[in-house]
Amino acid sequence: MLKNIDLDVYESDVLVLCGPSGAGKSTLLRCINMLEHYHEGTIEVLGKDIKSSRANLSYVRKNSGMVFQHFNLFPHISVMDNVALAPIHVKKMPKDQAYEKAKSLLDQVGLSAKYDAYPGQLSGGQKQRVAIARALAMDPKLMLFDEPTSALDPEMIKEVLDVMIKLALGGMTMIIVSHEMGFAREVANKVGFLDDGKIIELTPKNEFFTNPRSERTKEFLSKIL
Amino acid sequence: MLDMRMISQYLPDFFEALFETLKVAALSGVFALIIGTVVGIISTMKSKLAIIPVGIYTGFIRSTPLLVQLYFVHYGLPITGIMLTSFQSAIIAFSLNSGAYISEIVRGGLTSMDKGQSEASRALGLSWFQTMRLIILPQVFKKILPPLISQFSYLIKDTSLAAVLVIPELTYTARKIAARTYMPFESFGIPMLMYFGIYLILALLSHLIGGKKEPARSARRWFGFGKVV
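Protein chains in written order, with my numbering: chain P, 47 to 271; chain H, -13 to 215.
In short, the hints are calculated from the structure, not lab data.
Computed from a prediction, not measured in an experiment: that's the story for all the values here.
Take the hints with a grain of salt, since some may be wrong.
Listed below are the simulated SDA-like cross-link pairs for lysine to any residue, each with C-alpha atoms no more than 20 Å apart in a straight line [stated by the list, open to error]:
1. P:Lys108 <-> H:Ser104
2. H:Lys143 <-> H:Phe0
3. H:Lys128 <-> P:Asp127
4. P:Lys149 <-> P:Lys212
5. P:Lys141 <-> H:Gln116
6. H:Lys101 <-> P:Met80
7. H:Lys101 <-> P:Gly166
8. H:Lys101 <-> P:Glu82
9. P:Lys138 <-> H:Ile47
10. H:Lys129 <-> P:Tyr164
11. P:Lys94 <-> P:Gly166
12. P:Lys97 <-> P:Leu188
13. P:Lys108 <-> H:Arg108
14. H:Lys128 <-> P:Lys138
15. P:Lys94 <-> P:Lys212
16. H:Lys128 <-> H:Val24
17. H:Lys32 <-> P:Tyr84
18. H:Lys129 <-> H:Ile27
19. H:Lys32 <-> P:Met80
20. H:Lys101 <-> P:Asp199
Construct all of the structure, not just a fragment, from the sequences and the given hints.
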């Protein structure tokens, strides 16, 4: 499905991938931590070839965070446990330390009042903010966002984007599949345009919006802006 | 009509036998749960190497009578050198039998899980085993508790077959007392009430756990556990 992908992302880059649905944006993103298997080529993340060994893949997964379109919170445990789970069981962090960390992360995403709530009791925007906190709990060097606002009510998009903007300004390396062009304009430093499994255009943000190189990109932008 | 003297005389024996029935059922239930969980997980895997033996096991168990399985374990296996007491034979046969049915329930629960749950777990760096133990199985068991309880109630009724191996459980004891007293009405009536009592307790339990959202409206639903496997 993906063809001739050649993509470099550097530290503190904020790359927004856009394009029509079915273009392969999500597939590309999911290949980065191998939720999706790929047949040819190599993907190196944080200096490790993820396909060469299980240890490499596990290293990459432990050091990258992912946020999903449908949140994928664990519904049977509290919000706090959702955030503290991976530090406790993957990093073997002492429990009280993990819960302290979970609290401070939930404070950061504006959910101080929801420590003991269950995911089912939260709104979509709140769920997605918990999901971001959960990913951040592993101190990731890289954050992957797979259409983080597509399943949200319009009025909840901003609260999630605000959290993401804060992260980007804090220097986090981020790869984001999104249709939020306003967000891309504000915080991305690179924008990639995919169609039919190919990267049609990958340019610094300003150039992407003001002077797209390919006709296909122009056409896409004219439709959505 | 009812001989109260006979009942009061033999009631302690019946309760002792009830305890034996519950012991057989509980032990088999625990083993069946373990077998069913492991086999259920294996049956969701993609490898043919895993699925084929599991398919043979569940298919074979479900298409042969439990009574024959019981006879086979107790009287057939000694030829291979495996000697078992009748209690051990009963536990093995009931565990294997119930395990096959439970594996189907577990498999159903597993396949109904949203893929996003295991994806999120993997993305966080959890191992396969951690994902199962911490994320998937707790949710699956919560979901399948009503059918599991109903499977367990079948198991309790099935333990009456252990009477053929001379295990002093409820049915065997009833037959013994009936032969001794020539009072079959009381002798089989009391165990019937006892089986029914256990069933009722389990049905109520299943109803309380599984029917919170949707209260039972009819006796049929109530006695039928609401959810048939």
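Hint check results:
1. P:Lys108 <-> H:Ser104: 15 Å, holds
2. H:Lys143 <-> H:Phe0: 16 Å, holds
3. H:Lys128 <-> P:Asp127: Answer holds: Lys128 (chain H) to Asp127 (chain P) is near 18 Å, not above 20 Å.
4. P:Lys149 <-> P:Lys212: 18 Å, holds
5. P:Lys141 <-> H:Gln116: 17 Å, holds
6. H:Lys101 <-> P:Met80: Answer holds: Lys101 (chain H) to Met80 (chain P) is near 15 Å, not above 20 Å.
7. H:Lys101 <-> P:Gly166: 18 Å, holds
8. H:Lys101 <-> P:Glu82: The given pair, whose Cα atoms are some 13 Å apart, holds under the 20 Å limit.
9. P:Lys138 <-> H:Ile47: Measuring from Cα to Cα gives roughly 43 Å; hence the hint is violated.
10. H:Lys129 <-> P:Tyr164: 17 Å, holds
11. P:Lys94 <-> P:Gly166: 37 Å, violated
12. P:Lys97 <-> P:Leu188: 18 Å, holds
13. P:Lys108 <-> H:Arg108: Roughly 9 Å separates the two Cα atoms, so the pair holds.
14. H:Lys128 <-> P:Lys138: 27 Å, violated
15. P:Lys94 <-> P:Lys212: 28 Å, violated
16. H:Lys128 <-> H:Val24: 17 Å, holds
17. H:Lys32 <-> P:Tyr84: Status holds; Cα separation ~18 Å.
18. H:Lys129 <-> H:Ile27: This hinted pair holds, its Cα atoms lying about 15 Å apart.
19. H:Lys32 <-> P:Met80: Holds, at roughly 18 Å.
20. H:Lys101 <-> P:Asp199: Violated: Lys101 (chain H) and Asp199 (chain P) sit about 23 Å apart, past 20 Å.
Comparing the model with each earlier hint shows violations of hints 9, 11, 14, 15, 20; every other hint is respected.
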